[in-house]
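There are 2 protein chains.
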Amino acid sequence: MNKFPLILFVFLFLHTLSNAQVKYYDGSDFPLYGKITTETEARYERLPKTLKGEIRDRLWYLGTNSAGLYLRFRTNSTSVHAKWEVSTNTVLNHMPFVGVKGLDLYCYQDGQWLFVNSGKPTAKKTTGLIMDNMKGEMREYMLYMPLYDGLTSLEIGVDSASVLEQPVIDSPKAQKPVVFYGTSITQGGCASRPGMAYTNILGRKLDRQVINLGFSGNGQLDYEIAEVMAAADASVFVLDFVPNVNKTQILEKTEKFVNIIRAQHAETPIIIVGSILFPHSRFDLKMADVLKQKNEALKGICQKMKKEGVKKLYYVTPDKLIGLDGEATVDGIHMTDLGFTRYSEKMYPIIRKRIK
Amino acid sequence: MNKFPLILFVFLFLHTLSNAQVKYYDGSDFPLYGKITTETEARYERLPKTLKGEIRDRLWYLGTNSAGLYLRFRTNSTSVHAKWEVSTNTVLNHMPFVGVKGLDLYCYQDGQWLFVNSGKPTAKKTTGLIMDNMKGEMREYMLYMPLYDGLTSLEIGVDSASVLEQPVIDSPKAQKPVVFYGTSITQGGCASRPGMAYTNILGRKLDRQVINLGFSGNGQLDYEIAEVMAAADASVFVLDFVPNVNKTQILEKTEKFVNIIRAQHAETPIIIVGSILFPHSRFDLKMADVLKQKNEALKGICQKMKKEGVKKLYYVTPDKLIGLDGEATVDGIHMTDLGFTRYSEKMYPIIRKRIK
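First to last, the protein sequences are chains Y and C. With numbering that gives the first Met the number 0 applied, the first sequence corresponds to residues 0 to 355, in that order. With numbering that gives the first Met the number 0 applied, the second sequence corresponds to residues 0 to 355, in that order.
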């Protein structure tokens with residue numbers, strides 16, 4: 000054996016060894032997006048700490064779920080790993096654990112965000128490989144956080160011989176986010192993985208930071224949430240709360256909720272979306288009637304407010320938002336990736352038009 | 000109070016009471032489809048009992064999963080309920096329990112099958128309402144079974160005042176089924192609910208019974224499975240196994256597997272599908288290379304066999320089967336309802352063309 004192959008062998012061995020070693024970095028060192036305020040009790044939460052004890056307990060708890068939050072970083076690593084711990088280790092029967100409490104990695108390439116792979120949770124605390132065998136070139140990444148659980152710690156792992164750095168490009172553009180308010184559907188139920196929540200799909204499509212204020216079962220027009228929204232410098236507000244309120248609540252609370260936002264944002268477009276026509280309402284006559292009445296009530300309120308001079312208020316008729324084949328949900332109510340994709344395709348031009 | 004309202008009240012009360020009471024019927028009393036043979040050890044299984052102990056244990060176990068099976072019945076009930084028990088109470092982290100071990104109800108209306116609602120599993124044994132508040136008219140139903148678990152018992156519940164009867168219409172047409180052989184993806188991973196496995200979507204689209212011989216991780220060209228397929232009177236055979244075999248296995252086993260079927264079915268079309276281009280292979284260079292090599296090997300085998308005179312053998316280039324946006328899977332491999340919908344849209348005309 001002459002010297003050259005030996006040197007080559009040693010080099011390759013060391014190279015493999017260095018790549019095989021994973022170095023972890025705390026997620027706190029990298030910029031976090033999707034938050035309406037930085038004044039939260041813990042980093043990966045959505046509501047300002049001032050609301051603790053002031054709002055309903057369940058609503059506060061849901062605010063600690065990390066729906067819509069994402070980290071940005073760049074690295075030239077050939078692999079990306081993560082260690083993360085969730086708060087409650089939530090189990091739902093109609094949504095995969097990956098969507099509930101997993102991670103989702105995207106890479107910016109050729110001017111768009113592409114799915115890399117998801118981080119599958121195996122327990123309350125997971126250490127896992129997200130992607131391997133990549134070309135070791137510098138790339139920009141986005142890591143979406145769990146939709147239906149809290150994130151108490153997060154570390155990102157890369158090859159020890161590579162670098163993990165602050166992101167360079169501003170995408171999705173951080174300034175003047177689109178702020179969504181809504182229900183379990185808005186929170187991301189039932190996306191297969193975090194990146195497929197409709198707010199996250201729209202963030203990529205619009206190339207704009209989106210704030211997710213969806214609260215499962217609790218998009219009940221709490222005025223405190225309107226105050227939080229009013230404090231944000233948004234490009235557009237989207238209100239998608241109908242499934243969580245009854246007709247009486249719509250009639251009693253919508254106008255005040257909108258006015259709280261409008262008082263601080265005279266010119267910011269406010270888009271109000273009727274409830275999607277739940278596929279099972281084709282058979283459940285009671286549900287069909289409830290939906291019809293609630294959507295009509297909401298549309299009426301919007302018309303009245305516009306007549307009274309409220310500007311830049313837009314009602315979205317929901318009839319075709321998820322297609323007409325009845326296949327877009329897992330349970331008649333909560334959209335799957337199919338439903339969220341369709342919804343985002345329909346909502347994209349409506350929102351795009353209103354962003355200055 | 001005169002007599003008439005009192006009688007009316009009593010009538011309405013009794014009517015409500017009778018509707019509120021649910022009467023359960025054993026699923027065994029209704030026709031079961033999606034089986035390649037009736038000679039199984041238990042009713043809701045897929046492989047002939049003669050294979051027990053003869054094939055690999057894991058493959059046998061997967062044959063006891065009820066993927067692709069469905070009951071047919073009709074009823075004029077205003078509600079449909081179910082009681083069902085699964086074998087292993089399987090938990091997967093990338094697929095909702097509804098898809099893994101739930102039920103999925105469809106109704107035939109205006110010449111097509113429409114999603115009614117899914118049955119959400121709450122434990123190993125679940126009693127649950129699937130749909131309520133329907134018009135009490137006679138309708139035809141199809142109830143899909145769990146994709147990734149076995150079903151040891153099943154009862155269907157309807158209003159005690161209604162009737163539950165044998166189906167009248169023949170849809171999806173029972174004769175000359177399309178027989179699929181494949182992997183976890185074919186078995187239905189990771190559909191949100193049973194009806195969204197691609198074999199079930201295609202069954203509705205083609206209006207034709209489809210047999211699901213997908214075996215998670217085990218679509219490894221076992222010749223015993225080819226023998227089982229060869230014994231069936233199929234309209235078309237579709238082989239979609241590439242993700243579960245390596246290049247060597249493709250080169251060594253494909254031809255013999257096909258020939259076992261072809262020996263019994265000289266004229267039946269056999270469609271062979273290359274592996275879908277896993278979205279994560281855009282980044283995982285090793286995976287990209289493996290996929291390319293395996294698909295090329297398979298295509299080569301098909302070309303060789305056709306050159307040697309094997310007729311009605313068709314290779315499907317998989318490049319666009321799940322779209323090109325990278326969003327169709329939960330983990331880079333297993334399709335979500337979005338991926339299965341796209342795959343079915345692409346595969347539908349390919350199969351349709353070959354059904355006599």
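Be a bit skeptical, because a hint or two may be false.
Stated by the list, open to error - Straight line, CA to CA, 25 angstroms or less: simulated DSS-like cross-link-like pairs of lysine-lysine:
| id | chain 1 | residue 1 | chain 2 | residue 2 |
| --- | --- | --- | --- | --- |
| 1 | C | K285 | Y | K319 |
| 2 | Y | K134 | C | K22 |
| 3 | C | K22 | Y | K285 |
| 4 | C | K134 | Y | K291 |
| 5 | C | K345 | Y | K345 |
| 6 | Y | K134 | C | K310 |
These are computed hints drawn from the structure, not numbers from a lab. Bear in mind that the values here come from a model prediction, so they are computed numbers and not experimental data.
Q. Tell me, which hint numbers fail for this structure?
A. Going through the list in order, the structure violates hints 1, 2 and 6 and respects the others.
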